[in-house]
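So the chains spell out like this:
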Amino acid sequence: MSNLLAPNIILIIGMIYLLFHKHFANKIIIISSFAALISFLFGNNFYLPNISIFGTNFSFLEFNKLSWIFSFVYLFVLSFGSLFNFNSKNQIEHFAILFYAFSAISVVNSSNLITFFIFWEMLTIGASILIFIGKDKDSTGAALRYIIFHVIGGVIFLSGILGYYQNFNSFEFTHLAVDNLFSICIFIGIGINCAFPFVHTWVIDSYPKSSLAGVLFLSTFTTKSAVYALIKLFPAEPLLIPIGCVMIVFPIFYAVIENDLRKVLSYSLINQVGFMVVGVGIGTALSINGAVAHVVADIIFKGLLFMSVGAVMYRVGSSKATDLGGLYKYMPITMICCIVGALAISAFPLFSGFVSKSMIISSAGNSHNIILWCILIFGSAGALEHAGIKIPFFTFFGHKSKKEYKEAPICMLISMIVFSIATILIGIFPEYFYSFLPFETDYKPYTFDHVFAQLELLFFAALSFVFLLLAGAYPPEIAALNLDFDFFYRKIFNFFNKSFKAVTNTLNSLFDDILSNNLKNGIVKIFSSFPVFISYPFVLAKNKLTTESKETYSSLNYRIQNGIISTKYSIFAIVIFLIILLYILN
Amino acid sequence: MKIIGIVFYLIIFLISIFDLNYHYHHTHFDFENFPLFFGFVGFLSIIIIVYVAKYILRPILIRSEEYYNE
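Read top to bottom, the protein sequences are chains G and P. Quick note, the first sequence lines up with residues 1 to 586 if you use this note's numbering. Quick note, the second sequence lines up with residues 1001 to 1070 if you use this note's numbering.
Possibly wrong hints are sitting among the right ones.
Covered, in the sense of this in silico footprint (three residues per stretch, anywhere, with C-beta under 8 Å from a C-beta of chain G), are these stretches of chain P [stated by the list, open to error]: (1) 1009-1018; (2) 1021-1029; (3) 1033-1041; (4) 1048-1056; (5) 1059-1068.
Here are the simulated SDA-like pairs of lysine to any residue, each with C-alpha atoms no more than 25 Å apart in a straight line [said to hold, decoys possible]: (6) P:1054 <-> G:27; (7) G:329 <-> P:1063; (8) G:444 <-> P:1019; (9) P:1054 <-> G:13; (10) G:320 <-> P:1018; (11) G:320 <-> P:1064; (12) G:491 <-> P:1002; (13) P:1054 <-> G:135; (14) G:137 <-> P:1008; (15) P:1002 <-> G:463; (16) P:1002 <-> G:471; (17) P:1054 <-> G:399; (18) G:27 <-> G:13; (19) G:135 <-> G:13; (20) P:1054 <-> G:137; (21) G:320 <-> G:500; (22) G:444 <-> P:1002.
Calculated from the structure, these hints are not laboratory results. Just so it is clear, CB atoms sit at the ideal spot from N, CA and C, and this is done for glycine as well.
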C-alpha cells in the first residue's frame, strides 16, 4: 500500500460528499476521517497537485518528523472525535469539523509561510462555526468575538510575514528572534492563537460556549498549531520562558473558583500550553522534544477530559459543578475514563502526562534556572488540583445526584475508551513514543528518583486537598462568573460603545431630519413645481377671463407657495453643490 | 470508600518514612534532598492556591452570571 490519496484530499472529498448528503453526514465524516488516517499511516507516495503562484510552490503536504507526529495526532482526534460526535444530526457541525481538521493538517504540513498563513486563517473559520452552533445563549456573541480576535491576530501576522519577505526575499521557514518589527508582528500573531497572557480571553470566552463535541476539536487544533508555529519560527526564544510561566501560574487560581467545568478545562488548557511554551523557550533538544511530546499527550488526555465532561453534558444537560455530582452510580465507564484523563494530566507515573511533562521539567532543571523549575513544580501540583481532582470529584462524586441518568451512548464510550488506552500506552511504553519525536533522545522518565519524587508531590498535594475538604475550607461552588481580561473589552468597550451610540444616534437623527427628510422633500417639491412655474403664464393667459382661472390660480399659487417653504433647504444645497463644483473645476 | 481512605493514608505514611531515609542520586538542585521536600511543596502549593483563590481572587472577581448581558 504505497500509492494512496493524500489524507487532506480525502478530507476534501469527504467535505464535498457531506454537502450533498444531509442524512448521512455523521457516517460520511467517520468514513472519510478513518480513510484519511489509514492512508496517512500506510501510504508513502501520495498523489498531490502542485500549484505555483508568484513563483512560490504551494505544495500541500510536506512531511518531516515534526509535522508527521502533529498530523498523526490530529487525524487520530478527528477520527475518534467524529465517532464521539456520531449522535449529532447537525450537518453544518460535521462539515465544520472536517474543514477545521483539514486546515489544521494543512497548517502543520505547510512548506512556506504563505501557505501556512492561508490555512492558519482557515482554522478560524472552522472554529468559529463550531462555536457559533453551540447551545449556550451567548454562543453567537462568543463566535463573533472569536472571529474579531483572530482576524486582528491574522492581520498582524500577515503584516509580519510581508516584512519577513522584504527581509529574506523568501517565504521559507527560518528561525527568528524577537528583535525587529516584523518578527514582533509574527510573534504577536502566533501569540494570539497560542493564548498568551492578556490575549488568552478568547479561549475562556468561546470554548465553554461551543458545541458539545466541537470543544474537543477546538482544544486540539488552534492552540497546538500555534505551538507548532513557535517550534518552527521561535525555538529557544528567551522571551517565551516568562510568558510560559505566567500561562502556567495564573489559570490555576482561576480554575479553583470557576464553576463551569468546561471553563475549568479551558483554564487548564492554558496551563498546559504554558508548559509547551516554556519547553519551546528553553530550546534544547530535550525541551523541544518535551514540548512536542506534551502536545501529543495533552491533546489526548485533555480530549479525554473534554469528552467525559461532554458525555455528562449530553445526559445531564449542564457542565456546571453546581448542577452535577454523584454520577458515579449511573455513568461508571465515563467516570473511569475521566479518572484516567485526570491521572494523566496530573502526571501520575504510568500515564502519558508523566513521560511528557517530566522532559520539560528535567530540561528546566538542566538549565539550572531555580525560579523556572519551582514554577513548573508548582504548576504540576496546581494541574493536579484543578484538573486532576476537581473535575472528576465535582462531576462524579461531590454531592448527591438529583435525578437518575443513563450511561453515555456507546459511540461516546468507544472513543473515550480508545483515548484512555492511548493515554496509558504512551505512559507504559515511553521509549516507543519518544522514537516519533523530532530529535533523537535517550531520556529515561522511569528512574526511581523521579517516580518517587513525583508520587510524593502528588500524594501530599492530594492529602492537602483532602484536609481542606474535611475542614470545609475548600471554596464551595457558586453559580457565578469570574472576571477575566475580557472585562476590558466586554464592559469598558461596551460603555464606550453605548456613549458613542448615544452621541452618534442623536447626530444621526438630527441630520436625518435636516437632510434626508426636509431636503428630499424640498428637492422633490422644487422639481415638481418646475412645470408649474413654466406653465404658469400660459395657464394664466389661457384662463384669463374664466371663472375657473381664479381657482386654478389659487391652487397653483398654493402649490408654488408649498414648494417655496422647503426650497430654502434646496437652495442651500444647490449653493453648496455649486461651490463644490467650482472648487473641483478650479 | 473507607478502604480507599485507609490505603491513601498508608501510602502517605510509607512515602514519608521512606523519604526520610532516602538520598536522591541525581538532583538538579541541592535542596531537593531536604527531607520530604516534594511533599512539602505539594502540600503547601495546594494550600496557597486554594487560599489565594478563595480569599483574594474570588471576592474581587465574582460577578453574577448575567453580568455581561445586563
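Here is what the structure says about each hint:
1. 1009-1018: With 4 residues close enough to chain G, the hint holds.
2. 1021-1029: holds (count 7)
3. 1033-1041: holds (count 5)
4. 1048-1056: holds (count 6)
5. 1059-1068: That given contact holds, which follows from 8 residues of the region 1059-1068 of chain P lying within Cβ reach (below 8 Å) of chain G.
6. P:1054 <-> G:27: Distance ~47 Å between residue 1054 (chain P) and residue 27 (chain G) Cα, so the pair is violated.
7. G:329 <-> P:1063: 34 Å, violated
8. G:444 <-> P:1019: 22 Å, holds
9. P:1054 <-> G:13: 52 Å, violated
10. G:320 <-> P:1018: 41 Å, violated
11. G:320 <-> P:1064: With a Cα-Cα distance of about 14 Å, the restraint between residue 320 (chain G) and residue 1064 (chain P) holds, given a limit of 25 Å.
12. G:491 <-> P:1002: Roughly 49 Å separates the two Cα atoms, so the pair is violated.
13. P:1054 <-> G:135: 30 Å, violated
14. G:137 <-> P:1008: 43 Å, violated
15. P:1002 <-> G:463: Holds, because 15 Å separates the two Cα atoms, which is no more than 25 Å.
16. P:1002 <-> G:471: Given pair residue 1002 (chain P), residue 471 (chain G) holds - Cα atoms ~18 Å apart, limit 25 Å.
17. P:1054 <-> G:399: 20 Å, holds
18. G:27 <-> G:13: 14 Å, holds
19. G:135 <-> G:13: The hint is violated at about 29 Å.
20. P:1054 <-> G:137: Given pair residue 1054 (chain P), residue 137 (chain G) is violated - Cα atoms ~28 Å apart, limit 25 Å.
21. G:320 <-> G:500: 36 Å, violated
22. G:444 <-> P:1002: Not OK: residue 444 (chain G) and residue 1002 (chain P) at ~36 Å, beyond 25 Å, violated.
Going through the hint list in order, the structure does not satisfy hints 6, 7, 9, 10, 12, 13, 14, 19, 20, 21 and 22.
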